[in-house]
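There are 2 protein chains.
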Amino acid sequence: MIENSDRVLQISSSWDAYHTECPTRLVLNRIADKWAVLVLGLLETETKRFSILQREIGGISQKMLTQTLRGLERDGLIARTIFPTVPPKVEYTITPLGKTLVGLLAAVRVWSETHIEEVLKAQSDYDKAAQETLNSEAPGVRTVRF
Amino acid sequence: MIENSDRVLQISSSWDAYHTECPTRLVLNRIADKWAVLVLGLLETETKRFSILQREIGGISQKMLTQTLRGLERDGLIARTIFPTVPPKVEYTITPLGKTLVGLLAAVRVWSETHIEEVLKAQSDYDKAAQETLNSEAPGVRTVRF
DNA sequence: AGTTCCTACTTACTAATAGTGACTATTGGC
DNA sequence: GCCAATAGTCACTATTAGTAAGTAGGAACT
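Those sequence lines, one after another, are chains A and B. The numbers in this note's numbering rise by one with no breaks, and the one at position 17 of the first sequence is 5. The numbers in this note's numbering rise by one with no breaks, and the one at position 49 of the second sequence is 37.
The hints are simulated quantities; they were obtained by calculation from the structure and are not laboratory data. Mixed in with the good hints there might be a few duds.
A pair holds if it fits inside one copy or across any two, identical chains being indistinguishable in the list.
[Unchecked claim] Listed next, the in silico SDA-like pairs over lysine to any residue satisfying Cα-Cα at most 20 Å (straight line):
1. 109 with 67
2. 51 with 117
3. 87 with 98
4. 87 with 102
5. 109 with 71
6. 87 with 97
7. 109 with 83
8. 87 with 99
9. 51 with 38
10. 51 with 6
11. 77 with 40
12. 109 with 17
13. 109 with 85
14. 87 with 108
15. 77 with 116
16. 109 with 3
17. 51 with 106
18. 51 with 7
19. 116 with 102
20. 77 with 49
21. 116 with 105
22. 77 with 57
These numbers come from a predicted model, not from an experiment.
Hey, can you work out the whole structure from these sequences and the hints?
Here it is in structure tokens:
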């Protein structure tokens, strides 16, 4: 039933992301959102407006940016301040809670930048191998070790 | 055009996740996959079989597990070994490259566990406030600061 | 001899989510 | 009076996630 010691620790602290209903999985769903990661990265150092964020994040639509910002606000990771001017002005700022998470995410971005070549090479190797087995062997059998 | 100093650094290192076509964004798409994060977490310490992984990750389907494992294999983060026995046996092991990433992801899981209460509280506060503005004010105006 | 079971998948289908493009309110400037 | 600018919303389509059922092939049971 209980497999190994690290899992026991997680269970005894009452949170376990490996259990479907555990609320810690919502944090996973948060970072498992590329737009949220990018937004938090931009707000790490300074407060920014909606239009600036959209300009700096390549390929995000207004709808997705709005949706992402609302989600981050709801989770208490960023704060939203609207100035009722015309045209409207809305500023987004990272909260203290958000700051504690964004450091980790920055580390992931650094990892991407330092290991991307290895990942790209692995991908092309994999694709080439898949191509070869397609041409020679029966499909499905790829690697055998004894 | 160039906004602030950290961005300049990223551009000069030739990788920038904020640009749509940058390959580093595929790493983001990798960690922006809750299943992948959970799988990597389980493989951090030991090699595991397909059925074990499925049992330990609450709520994952066979299809999604297969898909996730294939993606991680293609990116060079895990290795797949099939034993052509009957019934079949397939083992998944983390690679050295995968190990360097999984440490960061473990940090994120720890963050979840230590900050989940704050996030849940922020959410209920947000939902309550949204409910109140719905009852009293005109919708859209929530916070004003000068 | 036939049926069932086992594992690690596919495949076909449905539900949910991401993304796209057009539309809105407001008002200062031309 | 008309256009530009900002931060959205709404209706629609495309993509992706999830579900349920099927497949292989030999071992063990009946």
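Comparing the hints with the structure gives:
no.: 1; hint: 109 with 67; verdict: between (40 Å within a copy, 15 Å between copies)
no.: 2; hint: 51 with 117; verdict: neither (40 Å within a copy, 22 Å between copies)
no.: 3; hint: 87 with 98; verdict: both (17 Å within a copy, 15 Å between copies)
no.: 4; hint: 87 with 102; verdict: between (23 Å within a copy, 14 Å between copies)
no.: 5; hint: 109 with 71; verdict: neither (49 Å within a copy, 26 Å between copies)
no.: 6; hint: 87 with 97; verdict: both (15 Å within a copy, 16 Å between copies)
no.: 7; hint: 109 with 83; verdict: between (38 Å within a copy, 14 Å between copies)
no.: 8; hint: 87 with 99; verdict: both (19 Å within a copy, 12 Å between copies)
no.: 9; hint: 51 with 38; verdict: within (11 Å within a copy, 38 Å between copies)
no.: 10; hint: 51 with 6; verdict: between (31 Å within a copy, 18 Å between copies)
no.: 11; hint: 77 with 40; verdict: within (11 Å within a copy, 52 Å between copies)
no.: 12; hint: 109 with 17; verdict: between (28 Å within a copy, 17 Å between copies)
no.: 13; hint: 109 with 85; verdict: between (37 Å within a copy, 12 Å between copies)
no.: 14; hint: 87 with 108; verdict: between (31 Å within a copy, 17 Å between copies)
no.: 15; hint: 77 with 116; verdict: neither (51 Å within a copy, 24 Å between copies)
no.: 16; hint: 109 with 3; verdict: between (37 Å within a copy, 16 Å between copies)
no.: 17; hint: 51 with 106; verdict: neither (34 Å within a copy, 27 Å between copies)
no.: 18; hint: 51 with 7; verdict: between (31 Å within a copy, 19 Å between copies)
no.: 19; hint: 116 with 102; verdict: neither (24 Å within a copy, 43 Å between copies)
no.: 20; hint: 77 with 49; verdict: within (18 Å within a copy, 45 Å between copies)
no.: 21; hint: 116 with 105; verdict: within (16 Å within a copy, 47 Å between copies)
no.: 22; hint: 77 with 57; verdict: within (15 Å within a copy, 45 Å between copies)
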